[in-house]
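Student: One line per chain: the protein sequences are B and W, in this order. At position 68 of the first sequence the residue is numbered 68 (our numbering), and the sequence of numbers has no breaks. At position 137 of the second sequence the residue is numbered 137 (our numbering), and the sequence of numbers has no breaks.
Fair warning: there could be bad hints in the mix.
[Stated by the list, open to error] Lysine to aspartate or glutamate pairs mimicking EDC-like chemistry, simulated, CA-CA at most 16 Å apart: (1) 99/W to 86/B; (2) 128/B to 139/B; (3) 317/W to 86/B.
None of these hints come from the bench; they were simulated from the model.
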Amino acid sequence: MDFIIILQAGVATGTILLFATIGELFAERSGVLNLGVEGMMLIGAMFAFKIAIATGNPWLGVLVAILAAGLISQIHAFITITLQADQVVSGLSLTFLGAGISVVLGEGLSKAGTVSLLPQFSIPLLTKIPLIGPVFFTEQSIMVYIGYLFIPLAWFYINRTRPGMHLRAVGEFPAAADALGINVYRLRYFYVFVGGALAGLAGATISLAISPGWFSELTTAGMGWIAVGLVIFAQWNPIRAAFGAYAFGALRRLILDIQGPTVFIGAIGNFTFLEMRNPFYYNPYWGFFLQMLPYAFTIIVLVIGSREAMRKRLGAPAALGNPYIRGERGL
Amino acid sequence: MSETTVPLASRLRSLTLRVEPRLKDPPRWYPLAVTVGAIVFALFLGGILIALSGGDPLRSYIHIARASLGSLGVFSDTLVKATPLIMAGLACSVAFRMKLWNIGAEGQFIMGAFGASAVVLTPIIPAETPSWIFIPAMILAGILGGALWGFIPGFLKARLNVNEIISSLMLNYIAVAWINFWIFAVWTEGGFQMSPAFPKNAWLPRLTDLAAEIPILSGLTTHLGLILGILAAIVAWFILYRSRWGYEIRLIGDNPQAARYAGLNITRNTVLVMMLSGALAGLGGMSEVTGVVHRLQTSPLAAGYGFTGIIVAWLAKLNPYLVVPVSIFFGALILAGREIQPSGIPKMIQGIILVSLIASDFLIRYRVHIVRRGQEA
Numbered sequence: 001m002d003f004i005i006i007l008q009a010g011v012a013t014g015t016i017l018l019f020a021t022i023g024e025l026f027a028e029r030s031g032v033l034n035l036g037v038e039g040m041m042l043i044g045a046m047f048a049f050k051i052a053i054a055t056g057n058p059w060l061g062v063l064v065a066i067l068a069a070g071l072i073s074q075i076h077a078f079i080t081i082t083l084q085a086d087q088v089v090s091g092l093s094l095t096f097l098g099a100g101i102s103v104v105l106g107e108g109l110s111k112a113g114t115v116s117l118l119p120q121f122s123i124p125l126l127t128k129i130p131l132i133g134p135v136f137f138t139e140q141s142i143m144v145y146i147g148y149l150f151i152p153l154a155w156f157y158i159n160r161t162r163p164g165m166h167l168r169a170v171g172e173f174p175a176a177a178d179a180l181g182i183n184v185y186r187l188r189y190f191y192v193f194v195g196g197a198l199a200g201l202a203g204a205t206i207s208l209a210i211s212p213g214w215f216s217e218l219t220t221a222g223m224g225w226i227a228v229g230l231v232i233f234a235q236w237n238p239i240r241a242a243f244g245a246y247a248f249g250a251l252r253r254l255i256l257d258i259q260g261p262t263v264f265i266g267a268i269g270n271f272t273f274l275e276m277r278n279p280f281y282y283n284p285y286w287g288f289f290l291q292m293l294p295y296a297f298t299i300i301v302l303v304i305g306s307r308e309a310m311r312k313r314l315g316a317p318a319a320l321g322n323p324y325i326r327g328e329r330g331l
Numbered sequence: 001m002s003e004t005t006v007p008l009a010s011r012l013r014s015l016t017l018r019v020e021p022r023l024k025d026p027p028r029w030y031p032l033a034v035t036v037g038a039i040v041f042a043l044f045l046g047g048i049l050i051a052l053s054g055g056d057p058l059r060s061y062i063h064i065a066r067a068s069l070g071s072l073g074v075f076s077d078t079l080v081k082a083t084p085l086i087m088a089g090l091a092c093s094v095a096f097r098m099k100l101w102n103i104g105a106e107g108q109f110i111m112g113a114f115g116a117s118a119v120v121l122t123p124i125i126p127a128e129t130p131s132w133i134f135i136p137a138m139i140l141a142g143i144l145g146g147a148l149w150g151f152i153p154g155f156l157k158a159r160l161n162v163n164e165i166i167s168s169l170m171l172n173y174i175a176v177a178w179i180n181f182w183i184f185a186v187w188t189e190g191g192f193q194m195s196p197a198f199p200k201n202a203w204l205p206r207l208t209d210l211a212a213e214i215p216i217l218s219g220l221t222t223h224l225g226l227i228l229g230i231l232a233a234i235v236a237w238f239i240l241y242r243s244r245w246g247y248e249i250r251l252i253g254d255n256p257q258a259a260r261y262a263g264l265n266i267t268r269n270t271v272l273v274m275m276l277s278g279a280l281a282g283l284g285g286m287s288e289v290t291g292v293v294h295r296l297q298t299s300p301l302a303a304g305y306g307f308t309g310i311i312v313a314w315l316a317k318l319n320p321y322l323v324v325p326v327s328i329f330f331g332a333l334i335l336a337g338r339e340i341q342p343s344g345i346p347k348m349i350q351g352i353i354l355v356s357l358i359a360s361d362f363l364i365r366y367r368v369h370i371v372r373r374g375q376e377a
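With the rest of the complex left out, here is chain W (with noise of 0.2 Å):
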């Protein structure tokens, strides 16, 4: 009976927060409801950020919601958003995983529709072949050309020991000035910055193709990347956690000098599985460039889905299923983001939820108590 007598504010004064590692796992639920809650946090304190600099918080987020959901053709365009960032993400959580720092996702992206176009433009393949025969042959030049944009640092990481966060973030600036040499320089189309479109045969199909016969579809410009995406995260998930490769890359991410005495082969394994993780974002590059820009071109294509990769992946906690979810939220955010003022906030945001993210991993990993003083032993 006495507690009622004590006034409130003493009493909050001796409540104390005690943090305690946590022992066992905590329940499944768990770190789903401190990932939402995280980015619910991130969503309010962009909020005030935008009250801050003038906007309407309420209003941000609302017109973001019914222009990236609102229809089924604002869903189709957050798809198609969504597809390179697919890709994107699943190049970062494989590299991850292994606690390889590949933040060259951009510039690998960016090879990859360098790779793709070289078919069309160079041109490899004459340009009236079927299509089935241009889209595997870009397929396999994008992921070419992404997969060797991440042999680089991955070789220099192994061998010389380079950290490979400052080599794969140069190798970025270098394949943008790369690709600006050839729209600029041999594949200009009038001496603009970017090169003829490509034939129709060379583009990868969108369900408006198919309206002739469901007319639903018409003016829909999902295409077959958002497909690829959705296979490369089933491979992925495989390699990562059904093959003994992944279960090598987990063991080296989690525990590198057990993995050593294991016997695994850690400088090979870093130069694999940096170009396994460019091939997955050259396959974004080609699907962007030959799904949606259909030439090839520097600023829709060095749009930073390659960094929005990294916070997709960290945001899925690398689970490649999991990745494909998390691009279409980040999807919805950049479409309607371009017509919100001002226009840094979509990138503001993306920022707030990756640092409340991160923090919040601290609850997973720790117990918080809120205890009375006196009380703590």
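Just chain B, same shape as in the assembly (with noise of 0.2 Å):
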């Protein structure tokens, strides 16, 4: 068990939860909170994954993907913004829908045989550095690179830019936003699509990139869960979801990893300071104590972000799960 090799698989499936979170962090910025992240994904895996099939075009899977995911992501929208309900409602009810809807679309696709999937490569050069080189820049998806520079990006759009403003406004203080001339519903539309699109994406990396192929709503197994844990922990900033994502990326490969070989052998170069039977190896069972790890890191995850952000004050945007009625007193 190489742990360079771990934590190398462990970027490319932290990357999923990546676009999952920071699309989430988009929605819940502008003041709605979507919970259907989940139904979401799971809507633009198998979406992705069927198009792929039927035209042999990765890339136009994962246009529709995250089409698909943008346009249901837009029903929450509606229920939300435009009927008022309640969000945390209407969230579980997309999870189910999206799990649905793409159950039954996905019929059949599990033995659908092979497909071509997105293009994997190395980043010459940086491959040199070491420990970086291999685990970030060797062998990984086109996704895997996306995510990266996605991550700044994030970060300069919500902090440094107008339409950034904007949208901190909205989720902050929506009454304000509207008296200065911004458009708040719509705002709110764009970003609750917004992080649609990005579930759709995220779960396109899933089925064409990460662990190809339709696997019902195992394909997903939680993640688009786990992403919304993540988005309190970041508390809101896409450099600290970053950071979650590719910690619970590498969680998920050692639990999977770890169970494999029959020594742990722990080296640095040729010197060898730890040889020991692996028990996770001689005691199977142990192994569904190591599933359950991934959920519970989340709700320890969960504690340490709630704590700091009563320790400093700081928390979700102000108008986070609000509707906001024009005309009404209040936030």
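Work from the hints to combine the two standalone chains into their complex.
Tutor: Okay, structure coming up:
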């Protein structure tokens, strides 16, 4: 078991969470909590795979995944922004709806055979950097590289641009934003769409790049929910979201790989400092406890995030969860 | 008379929708009519999607009706499917009433089943113990298992301000891994992914057990869990609407600020309501494992009853009595849906029903007028 390989695969898995988490972060920054991430990811994963098989072109699959998930997110936008219904229940129903639709339309896809995947390549020169090169820049999917570019762009957009300022205004104090002539409703629709589109991209990243295929609801296995949790841990900051996403990706990989070898060998170069029998190999039932880890860690990460938020008096966008009703008092 | 000379198309174009908040409560029949309308609309929409995916919507729906209500036998099976939904729906109803978003009924259900199974399999009680000791012990263990699993997110929410939606949902996955460990590593039957079957005296009595006296009941699998579910509904209704505690729950749900000023202990109520919710879901898990499955096994228990319970609770408008008929409706959908292709259809229809229900709430909160332009003021 080579630690570098685990980290390398962890970065790839983390990319899925990265897209979903930052997408949800955009929606929440505009004041709309969307718990439908899991459903939108399933829609994205299913459509990406289905279209890629039908047309032979994975990029067309990615495009349709983004549009389909973005489109279904607009149901949530309509219900919560225009009809002003509860965001929690509406988001939940979107998860049900997305899962149901993707299972129905994805019928038979799991046996559909091979599909051409998104390209994988190494970045010349950068691979030579010790540790960082092999982990981040060797034989990764193009989606992983897009992810790297995406993190600073998202941060810059939210914190340093005018549209980003409008986004924050709409999420913190919509009445004031409205008074300044910002169209609160339209912006919220737009950022819910962005959240959906990125969840769709995350889904496409699963089914066409990181763990190819369509395994019905097991395709996402709760990653959409972990993404929702990571947004809280990240305190609505894309840089922290990226750290969380990659850490969770590595954890998921570690759990998959740790049960394989018969011995653990800890080595730096030729110097071996650890050699022990792998307890997870000799006690395969311990694997069930390993499976709990990502979910348990999500809870732990939430505890840390919530404590920190209380201490620093940081927190969610002030208007998160509240519909904006023009002419009514309050946020 | 001049109206008749205006062409129809332009008359339609001059109509606009005007929306205004309702100032007084709508008549009593109105919310019911809106709900029924939302379900009909959802079934219609589901029909379109079934047709799009290559099925025959009308035949699918007729099949669902016949395969769930067509005879005494299948109606009994519908009730069997409805039983766990009643408990899960009640679990969600009490939590949602306090605006606690317990999405973990699924995990609490599984831990209830685990608790009940532990009584038989550990064994805490020897296998030849009579039913009248066994069944209460298993009920108690099931309630405890579920309540414990509800306590965790409740405590985290109350003390550490951890979002209960995510934590309760994560505990679902942990619960599945937990029982998987037990049925693989400890209680496995010959290496298969299930525990040995429970002894007969640890089964909840079924209608078919009375077939010797009443022949018509032969083969009917409806079990005591249904009675437990209806009793639980009555208890939940009394707690919510006839007790001081229920009053506190509803006040906190409707207006936490006012509740805090009134001196209500929100921290304690958060933990207690999550435990009550978990206990109800755990009762459901116990009823399913001892009434239907008769062994600890993952797939028939973790079949999404806890998630469907969320929809049931919402459709029943969080009213414990209404949870019972709504559960029967969904029981029919799940039972008959098993034979329909593609297999995701019942799940999709559930999702559509929930979406259109939530959207329809708008019609209850607001009046929508159709007015001719120019006459608005």
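Student: State for each hint whether it applies.
Tutor: Verification of the supplied hints:
no., hint, verdict
1, 99/W to 86/B, "holds (11 Å)"
2, 128/B to 139/B, "holds (13 Å)"
3, 317/W to 86/B, "holds (14 Å)"
Taken one by one, the earlier hints all hold for this structure without exception.
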